[in-house]
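Student: Sequence:
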Amino acid sequence: MKKILLLCFSLAFVFNSWAQERVISGKVTATEDGSTIPGVNVVLKGTSNGTVTDSDGNFRLTTPASGGTLVFSFIGLATQEVAVGERAIINVAMNPDVQQLTEVVVTAQGLAKEKKALGYATTTVGTEQLSSRPVNDISRVLQGKVPGVVINPTGGVSGTGASINIRGYSTITGSSQPLWVVDGVPFNSSTNNNSGFSTGGAATSSSRFLDLDPNVIESISVLRGLAATTKYGDQGRNGVILVTTKSGNTKVGAPEINFQQTVSTTEIASWPDRQLNYGNGFHGLAGNTSPFYSNWGPNHNQIDSIAHPYPFSNSPELANAFPEFYFKRIPYTAAPDPIAFFRKGIVSNTSIGIRGGTDKLGYNTSVAYTTEEGYTPGNDLKRLNISTGFNAAVTNKLSIKSSLLYASSDMVTPPLNGATGGSTAFNTTPSLYANFLYTPTNYDVLNTSLFPFETPNDHRNIWYRTGNDIPNPNWVAKYMRDTDVTNRFFISSSISYDFNDNTSLLYRVGLDTYTQKQNR
Numbered sequence: 288m289k290k291i292l293l294l295c296f297s298l299a300f301v302f303n304s305w306a307q308e309r310v311i312s313g314k315v316t317a318t319e320d321g322s323t324i325p326g327v328n329v330v331l332k333g334t335s336n337g338t339v340t341d342s343d344g345n346f347r348l349t350t351p352a353s354g355g356t357l358v359f360s361f362i363g364l365a366t367q368e369v370a371v372g373e374r375a376i377i378n379v380a381m382n383p384d385v386q387q388l389t390e391v392v393v394t395a396q397g398l399a400k401e402k403k404a405l406g407y408a409t410t411t412v413g414t415e416q417l418s419s420r421p422v423n424d425i426s427r428v429l430q431g432k433v434p435g436v437v438i439n440p441t442g443g444v445s446g447t448g449a450s451i452n453i454r455g456y457s458t459i460t461g462s463s464q465p466l467w468v469v470d471g472v473p474f475n476s477s478t479n480n481n482s483g484f485s486t487g488g489a490a491t492s493s494s495r496f497l498d499l500d501p502n503v504i505e506s507i508s509v510l511r512g513l514a515a516t517t518k519y520g521d522q523g524r525n526g527v528i529l530v531t532t533k534s535g536n537t538k539v540g541a542p543e544i545n546f547q548q549t550v551s552t553t554e555i556a557s558w559p560d561r562q563l564n565y566g567n568g569f570h571g572l573a574g575n576t577s578p579f580y581s582n583w584g585p586n587h588n589q590i591d592s593i594a595h596p597y598p599f600s601n602s603p604e605l606a607n608a609f610p611e612f613y614f615k616r617i618p619y620t621a622a623p624d625p626i627a628f629f630r631k632g633i634v635s636n637t638s639i640g641i642r643g644g645t646d647k648l649g650y651n652t653s654v655a656y657t658t659e660e661g662y663t664p665g666n667d668l669k670r671l672n673i674s675t676g677f678n679a680a681v682t683n684k685l686s687i688k689s690s691l692l693y694a695s696s697d698m699v700t701p702p703l704n705g706a707t708g709g710s711t712a713f714n715t716t717p718s719l720y721a722n723f724l725y726t727p728t729n730y731d732v733l734n735t736s737l738f739p740f741e742t743p744n745d746h747r748n749i750w751y752r753t754g755n756d757i758p759n760p761n762w763v764a765k766y767m768r769d770t771d772v773t774n775r776f777f778i779s780s781s782i783s784y785d786f787n788d789n790t791s792l793l794y795r796v797g798l799d800t801y802t803q804k805q806n807r
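FYI, in the working numbering the residues of the sequence shown are 288 to 807.
These are calculated hints, taken from the structure and not from any lab test. The model shown is predicted, which means the values in this text are computed figures rather than measured ones. Treat the hints with care, as some may be off.
As the list claims (entries may be wrong) - Pairwise CB distance ranges, derived in the manner of DEER restraints:
#, residue 1, residue 2, range
1, Thr735, Arg616, 17 to 23 Å
2, Lys669, Lys332, 44 to 50 Å
3, Glu368, Asp560, 39 to 45 Å
4, Asp343, Thr735, 42 to 48 Å
5, Leu648, Asp343, 47 to 53 Å
6, Leu733, Glu368, 38 to 44 Å
7, Ile376, Tyr784, 55 to 61 Å
8, Ser450, Arg561, 24 to 30 Å
9, Trp558, Ala606, 33 to 39 Å
10, Arg616, Pro559, 27 to 33 Å
11, Thr338, Gln803, 38 to 44 Å
By construction, the Cβ of each residue, glycine as well, lies at the ideal position given by its N, Cα and C atoms.
Using the sequences plus the hints, can you model the full thing?
Tutor: So, in C-alpha cells, the structure goes:
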C-alpha cells in the first residue's frame, strides 16, 4: 500500500510541475519596413531565462503558467516590455531608439554630422561596444550589435571568410556584400575563392575585411538607403560600412598605453548523424573489392567479419610492409563517430597600443599579433597588424589627418571541400571533411593501428579502396596543405581647410593594395 501511495504522489508531482510551465512563441519585426529581425534578446523579466530570435525573427521560450513579462532588446532599437497574460503567441514590432537621434555619426562623405539631420538610416557602433568583445575578427565584433546586419561565416576553419548582408539588400546572381570604407577610402573586402565543394580544395579563402584590426577602430557606422550610398555608385548598392580608426587624443595629458592579451578556445559544434546499420558494399553484398565506396553492403548483424580491405594482393610492397594484416579478418561492425579526430582549437591575440597628443596634435600606434590553431588538424592562422595614425591642427582653419594600416596573414589548412570526396578516379581534389563522410561506417578512421594511413618507407597514402585511389583522412590532414599568404598596405590622408562655419574644403588621397599568394 505504501508503494502505491508513493507512486501516486510521484505522478501527481510530475504532472503538477509540467502544468506550471508553458511555451511562448512569436516573431519580432521592424516597424520601419516590417522585415524580421534576427538576434533580438528575449528575456523573462526578473529572471535569467531567455533566448534570441533566429534568422527569421522567430523565438520560443518556456515561461511559468502564471505568465510574466517578456523584455525584447536589441542594439539600436528601443527596448520593449510585453505582458504575457494568457497568450501563447506574441508578435512584436520594434522601433528605432529615439535617444540615438542626437548622436553624431560619420556620413558617406566621411564628415561628422548629427544623426537627426540625415535623410537615411544609419547605425553606429562605438569604442565601448567594440572593446566589449575582445576578438580578432571584425565580423564577430559586429555580430548582434547592428540591427539588420546578418553575418554568417562561410567556412568552419580559422582564417576563412564571412558573408555580411544588410537587411533589404539581396541578389540572385551578384554579390550582396556591402562596401567597406575606412577613413573615407574604399577598402577592398573581396574574397578570392579558388575552389568550391564541387571542385575540391580549400575552404573559402579569407575575406579581406579580416585585415582590419578591431583594436584600432574608433567607430563603425552602417549606412542604408539611396541617399547613403549614392556617393559610391554601384559599389554601394548593398549598403556601406564606414570604419573610422583611432587617431589619438586631442588634449594635453600623458600618453595612454593599452596592453591586451586574450586566449579563447574553439571546437567543432556537431557532426552529421550517420546510419550505423549498413557497411561497405553494393547491392547488399560485402566485399572490399567493390569499385564503389558507398554504404550499401549487408546489415552489420548479418556478417561477423570481413577480410582486411587493404589491397595486399595488388601491392607486394604493401604486403611486405604490413604482413600482420595480409590474411587478417576484421570485425564487420559500425565504427564510432570520428568527431574525436578534431582537436580543441586555441586562439591567442596580443596587442599593445599607445595613444596621446596635445590640444593641436593627436597620435595612435598599435601592434597586434594573432595565432589561431583551428579545431581541424592542419589548420593554423598567423596574423600581424601594425597601424599608426595622427591628426594635427596646423592653424585654426587648416588641419591634416593620416592613417596607415599594414596587415600580414598566413593561413594553412588541409583541403576541405570536394563533393566526391576527392579521388584519382574522379580527378578531383581530396577533401578532409568529405572523405570522413563518405568512408563506410565499418572502417574506423581513428584506429590507425588497425588501419595505417601511410607506408613506412615512402609515406604513400593507404586506404580501403582496391586501387588505393581514395585518400585516407589522416593522410590528408598530415601531408596536404592549402596556403594563403597575404600582405596588405592601406593609407588614407586628408587635408581640410575651414573658410567659415558653413564652408570647408576637404581633399583626400588613399591607397589600398595587397598581394595574396595561394598554393594548393
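Student: Does each hint hold? Answer for all of them.
Tutor: Here is how each hint holds up against the structure:
1. About 19 Å separates the C-beta atoms of threonine 735 and arginine 616, a value consistent with the hinted range of 17 to 23 Å.
2. A beta carbon spacing of about 46 Å between lysine 669 and lysine 332 agrees with the range 44 to 50 Å that was offered as a hint.
3. Distance hint for glutamate 368 and aspartate 560: a CB-CB separation of about 40 Å, consistent with the stated range 39 to 45 Å.
4. For the hinted restraint 42 to 48 Å between aspartate 343 and threonine 735, the CB-CB distance of approximately 44 Å keeps it satisfied.
5. Our hint of 47 to 53 Å for leucine 648 and aspartate 343 holds, since their Cβ atoms are close to 50 Å apart.
6. Distance hint for leucine 733 and glutamate 368: a CB-CB separation of about 51 Å, inconsistent with the stated range 38 to 44 Å.
7. In this structure the hint that isoleucine 376 and tyrosine 784 lie 55 to 61 Å apart at CB holds, the actual value being about 60 Å.
8. A C-beta distance of roughly 28 Å is found between serine 450 and arginine 561, which places it inside the suggested range of 24 to 30 Å.
9. A hinted range of 33 to 39 Å holds for the C-beta pair tryptophan 558 and alanine 606, which are about 34 Å apart.
10. Restraint check, arginine 616 to proline 559: a C-beta distance of roughly 30 Å satisfies the suggested window 27 to 33 Å.
11. Judged by the Cβ atoms, the range 38 to 44 Å given for threonine 338 and glutamine 803 holds: they are separated by roughly 40 Å.
Hint 6 from the list above is the single one not met by this structure.
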